[in-house]
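**Q** If you want the building blocks of each chain, they are given just below.
Protein chains: 2
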Amino acid sequence: MSKKKTENVSVFALGGVGEIGKNMYVVELDDDIFVIDAGLMFPGDEMLGIDIVIPDITYLKENKDRVRAIFITHGHEDHIGGLSYVLRDLKHVPVYGTKLTLGLIELKLKEAGLLKEVDLRLIDAKTKLTIADHFITFFRVNHSIPDCVGVCIQTSQGAIVHTGDFKFDYTPVDGKQSDFNKLAAIGQRGVLCLLSDSTNAERPGQTGSESLVGAELNDVIYQAEGRVIVASFASNVHRLQQVFAAAEANDRKVAVVGRSMVNIVEVAQKLNYLRFKPKTLVELSQVNRLPDNKVVILTTGSQGEPMAALTRMARNAHKQVNIRLNDTVVIAATPIPGNEKSVSKTIDLLFRSGANVIYNQRKVHVSGHGSAEELKLMLNLVKPKYFLPIHGEYRMQMAHSKLAEQVGVKSNNIFIVEKGDVVEFTGRKARMSRKVPAGNVLIDGIGVGDVGNIVLRDRRLLSQDGVVLCVVTLNRKQKKLISGPELISRGFVYMRESEEMISEANRIVTKQIEKSLQAGSDWTELKSNIRERLSVYLYEQTKRRPMILPIIMEI
Amino acid sequence: MSKKKTENVSVFALGGVGEIGKNMYVVELDDDIFVIDAGLMFPGDEMLGIDIVIPDITYLKENKDRVRAIFITHGHEDHIGGLSYVLRDLKHVPVYGTKLTLGLIELKLKEAGLLKEVDLRLIDAKTKLTIADHFITFFRVNHSIPDCVGVCIQTSQGAIVHTGDFKFDYTPVDGKQSDFNKLAAIGQRGVLCLLSDSTNAERPGQTGSESLVGAELNDVIYQAEGRVIVASFASNVHRLQQVFAAAEANDRKVAVVGRSMVNIVEVAQKLNYLRFKPKTLVELSQVNRLPDNKVVILTTGSQGEPMAALTRMARNAHKQVNIRLNDTVVIAATPIPGNEKSVSKTIDLLFRSGANVIYNQRKVHVSGHGSAEELKLMLNLVKPKYFLPIHGEYRMQMAHSKLAEQVGVKSNNIFIVEKGDVVEFTGRKARMSRKVPAGNVLIDGIGVGDVGNIVLRDRRLLSQDGVVLCVVTLNRKQKKLISGPELISRGFVYMRESEEMISEANRIVTKQIEKSLQAGSDWTELKSNIRERLSVYLYEQTKRRPMILPIIMEI
Numbered sequence: 001m002s003k004k005k006t007e008n009v010s011v012f013a014l015g016g017v018g019e020i021g022k023n024m025y026v027v028e029l030d031d032d033i034f035v036i037d038a039g040l041m042f043p044g045d046e047m048l049g050i051d052i053v054i055p056d057i058t059y060l061k062e063n064k065d066r067v068r069a070i071f072i073t074h075g076h077e078d079h080i081g082g083l084s085y086v087l088r089d090l091k092h093v094p095v096y097g098t099k100l101t102l103g104l105i106e107l108k109l110k111e112a113g114l115l116k117e118v119d120l121r122l123i124d125a126k127t128k129l130t131i132a133d134h135f136i137t138f139f140r141v142n143h144s145i146p147d148c149v150g151v152c153i154q155t156s157q158g159a160i161v162h163t164g165d166f167k168f169d170y171t172p173v174d175g176k177q178s179d180f181n182k183l184a185a186i187g188q189r190g191v192l193c194l195l196s197d198s199t200n201a202e203r204p205g206q207t208g209s210e211s212l213v214g215a216e217l218n219d220v221i222y223q224a225e226g227r228v229i230v231a232s233f234a235s236n237v238h239r240l241q242q243v244f245a246a247a248e249a250n251d252r253k254v255a256v257v258g259r260s261m262v263n264i265v266e267v268a269q270k271l272n273y274l275r276f277k278p279k280t281l282v283e284l285s286q287v288n289r290l291p292d293n294k295v296v297i298l299t300t301g302s303q304g305e306p307m308a309a310l311t312r313m314a315r316n317a318h319k320q321v322n323i324r325l326n327d328t329v330v331i332a333a334t335p336i337p338g339n340e341k342s343v344s345k346t347i348d349l350l351f352r353s354g355a356n357v358i359y360n361q362r363k364v365h366v367s368g369h370g371s372a373e374e375l376k377l378m379l380n381l382v383k384p385k386y387f388l389p390i391h392g393e394y395r396m397q398m399a400h401s402k403l404a405e406q407v408g409v410k411s412n413n414i415f416i417v418e419k420g421d422v423v424e425f426t427g428r429k430a431r432m433s434r435k436v437p438a439g440n441v442l443i444d445g446i447g448v449g450d451v452g453n454i455v456l457r458d459r460r461l462l463s464q465d466g467v468v469l470c471v472v473t474l475n476r477k478q479k480k481l482i483s484g485p486e487l488i489s490r491g492f493v494y495m496r497e498s499e500e501m502i503s504e505a506n507r508i509v510t511k512q513i514e515k516s517l518q519a520g521s522d523w524t525e526l527k528s529n530i531r532e533r534l535s536v537y538l539y540e541q542t543k544r545r546p547m548i549l550p551i552i553m554e555i
Numbered sequence: 001m002s003k004k005k006t007e008n009v010s011v012f013a014l015g016g017v018g019e020i021g022k023n024m025y026v027v028e029l030d031d032d033i034f035v036i037d038a039g040l041m042f043p044g045d046e047m048l049g050i051d052i053v054i055p056d057i058t059y060l061k062e063n064k065d066r067v068r069a070i071f072i073t074h075g076h077e078d079h080i081g082g083l084s085y086v087l088r089d090l091k092h093v094p095v096y097g098t099k100l101t102l103g104l105i106e107l108k109l110k111e112a113g114l115l116k117e118v119d120l121r122l123i124d125a126k127t128k129l130t131i132a133d134h135f136i137t138f139f140r141v142n143h144s145i146p147d148c149v150g151v152c153i154q155t156s157q158g159a160i161v162h163t164g165d166f167k168f169d170y171t172p173v174d175g176k177q178s179d180f181n182k183l184a185a186i187g188q189r190g191v192l193c194l195l196s197d198s199t200n201a202e203r204p205g206q207t208g209s210e211s212l213v214g215a216e217l218n219d220v221i222y223q224a225e226g227r228v229i230v231a232s233f234a235s236n237v238h239r240l241q242q243v244f245a246a247a248e249a250n251d252r253k254v255a256v257v258g259r260s261m262v263n264i265v266e267v268a269q270k271l272n273y274l275r276f277k278p279k280t281l282v283e284l285s286q287v288n289r290l291p292d293n294k295v296v297i298l299t300t301g302s303q304g305e306p307m308a309a310l311t312r313m314a315r316n317a318h319k320q321v322n323i324r325l326n327d328t329v330v331i332a333a334t335p336i337p338g339n340e341k342s343v344s345k346t347i348d349l350l351f352r353s354g355a356n357v358i359y360n361q362r363k364v365h366v367s368g369h370g371s372a373e374e375l376k377l378m379l380n381l382v383k384p385k386y387f388l389p390i391h392g393e394y395r396m397q398m399a400h401s402k403l404a405e406q407v408g409v410k411s412n413n414i415f416i417v418e419k420g421d422v423v424e425f426t427g428r429k430a431r432m433s434r435k436v437p438a439g440n441v442l443i444d445g446i447g448v449g450d451v452g453n454i455v456l457r458d459r460r461l462l463s464q465d466g467v468v469l470c471v472v473t474l475n476r477k478q479k480k481l482i483s484g485p486e487l488i489s490r491g492f493v494y495m496r497e498s499e500e501m502i503s504e505a506n507r508i509v510t511k512q513i514e515k516s517l518q519a520g521s522d523w524t525e526l527k528s529n530i531r532e533r534l535s536v537y538l539y540e541q542t543k544r545r546p547m548i549l550p551i552i553m554e555i
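Residue numbers (my numbering), protein chains in the order written: chain A, 1 to 555; chain B, 1 to 555.
No lab work stands behind these hints: they were computed from the structure.
Treat each hint with caution, since some may be false.
What the hints assert, rightly or not - A partial selection of chain A residues facing chain B, derived with a Cβ cut-off under 8 Å: (1) Glu202; (2) Ile347; (3) Lys429; (4) Gly445; (5) Ile446; (6) Val471; (7) Val493; (8) Trp523; (9) Met547.
Unchecked claim - Each computed PhoX-like pair below joins lysine-lysine, with the alpha-carbon atoms no more than 25 Å apart: (10) B:Lys363 with B:Lys345; (11) B:Lys527 with A:Lys543; (12) B:Lys543 with A:Lys108; (13) A:Lys480 with B:Lys429; (14) B:Lys435 with A:Lys345; (15) A:Lys363 with B:Lys110; (16) B:Lys527 with B:Lys477; (17) A:Lys319 with A:Lys253.
Just so it is clear, CB atoms sit at the ideal spot from N, CA and C, and this is done for glycine as well.
Input sequences plus hints: build the corresponding full structure.
**A** In structure tokens:
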């Protein structure tokens, strides 16, 4: 560890605070920038047509020569999903991750055609790095995917500790407990600031071990008379492991369905994070040749995503698997906020197809994030001087800050930051100083950031009451309407059933155009007259406000 | 009670099964039709631009002369909200409801300008009716609004019993317990078929009394240092009563905000279902003159509805009330499935404004629907031969049917119906016989049923990737392009940032048009050529599929 004068230390989030998703945190030590995670977020309902959302990395691009490393805490989408966009601008920056994490990152980068251009570096929980004179270590934490680490960056003012996503699982599926001793030692040496996962700060008590789910799955499979279909997040590798184990314990084969599930099972098996007998895994096409009570199908779709395998099975629209009487379907996940309705719909469809559906009534899911008692334990171990609750919506950060106060952190030393708020540590003091650019970059198709508020506003308008075109040809010199107005609508009303209204609208617009022409209106005026006249009339008639587009051709 | 030969008895739902909302059930006795409830449903996310959804009443319209009565079990939107549409076609049919229920119905009918044309008839839980020789009685049940009843229609085969929405509250806020004895007597006399509320069939145990909330509200208000703002469903009159009582107990005044809240408080107070001292209620404008610790504000917006009062306060966009430090905000409701995200957003905004927000961590809400044990008690009291679980999504109906089996109803005697499935009772047997028309009627603005699948599909397309217009003037005789193509887009991309792509698209379309003109294509062909060519090119460039509308003017 280098001894030198007090560094200037800054910490901020480019994503992951005030929201669940697109985690990205930055630690700046004098001239050196370290990034932790680069995730994506799935769009809210109001972001019509948007595929994914990533953090705004303007600050990193503007300071790209100072970015020394990107540390990835684990392989979930909200921590790695933004990498293939971020790295386009930061190809020279090495990305550090554990074996499984890098395996999953490679999948993404391959798809994006970036794999060969970037610098991936393998670490494990024991790795010690010195980068640009700064000393960085890691510690193991438990979560719903194996091979998770937290990050500890040493500074002259004490350590900056980032927990990653974590819970304290005393009986983890892979037998690898959290690094309690290391955390205690880090705390002992002195921690300037802790950044800790707030997801379950509102939940009292302890989250419970993933192993509880194993026993439950085992029991469900034991009791099932027919096939068992288990839906889970593909990235919840511990859950997948338990499904394989329960299948083997009950002498069943496992088939895997859904692109991400197939990919992750393949990577996790290859890297030895998923263990099962070679004959346990069978092709989906073989399943129909096995007796029903020898089959487990592991599938995507636990969130009722319209195109996911389980949803298609439930709709009877899957090519290879349809739900039938005597199937047992296990939804081994809880709905992410916003997905409740689509999950309910899927469950209803499954019941209608005759399946026995097991969802929130049995303990077939536990969270991967620690609850209040675990968060307090982390604070007790690490004993930070300053505290930033991260990874959560504002109210979760609030709840986490209250826990920290209970544990003894001074309330003035807790910063509930928003994206871009920089917390600066200058020797004795810490304060929220400046703000760096931060926000949502929307990705629609292959366009990065070319959809903004105006485009979204138009989509919203169009989605509510559709569009009405008013097409007119005219000769302005002669002040004469040559043809039209022709009204064309989409998403507004059934034209056929509204003929009367449309022909009246036509009459009104014709009159308006003739009037405007006589008055010598210019095009802009003419267009706005048409728009206004039509808008008022259609609203009177229907109480709807379609987008109105006047199209004027002059000859 | 008339003695006569075995009647033909049919029962079906026009709404309320396979869904939460728009309840409407029909009991048909030979030639006489009785309707129970006429509710609305709020649209799902996929119903873009739709305001509300009501049941398809084609069957009732086709048989309007046989409809003898509409019984309304209670005054919630999902039971009365469709009335002002349904009664347009059934003005001659008397509507029966209790005092508060009719009070709320009158509000709606007045708005719709229908109040003077319809026949509202007051009942209470003791009313006995003979309509067209059929004997009808009611029984009191507890729910989150006062004055709720269930309906018992006598037939020669035994009674048809409809519970309405219910729970068994042993300590109801208004002191009026459920009619246990009457239910037991009805069961004793013989019940052909029970239709019972399935909302909480998936929940084990007992729901708990509304009075629990009162104690909690009292404590929250007692401890608050500043203003207390309570958000609740306006229609949850018991909850409102408890807010008034807790305010009085703590020597505070109550101001009411939000149109529906103001309306319902007025009606409920006038009809004596809400009791408080005259001076307790103050105008909102007076609130700022009172010390903060003398104020309770009762508001709408517990579901994070964008335009509701609480949401506007949270956004700092309410004219009279803004949230400030030291305010305590109580969200005295749970999110209806689908509203989780908007409720979370509102809570976050409130925290950001400095309020202390009390939501699901304290018992400031209990459900108005009975859980598993209460549903079993109802089955035990009524002892029906046949059973229809109603009022719930399919999986709730499933869960309820399992409870009924546990209680001893034969599984063959349980019918999990979908909308329009008619269950016919013909002496010894019961069977699902025919199907009557049933479905969703969508209401957008003042249009009833003029938005259907095509319009919705267009709105969905428009909402995803917007619209691109391709405007062309041509002279087909001379096979000549006169002007254009001009490309105009809305909700697709920022035109300014995509100039290159647009001019290339222009070139491609021009070539296509010239080719088609040379080949002598007709308009339909020309349009479809433009659409296809443009669609392929824009998809290649953006991976988006905007709606493409070719507009061709011929001169």
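**Q** Name the hints, by number, that the structure is in violation of.
**A** 3, 8, 11, 13 and 15
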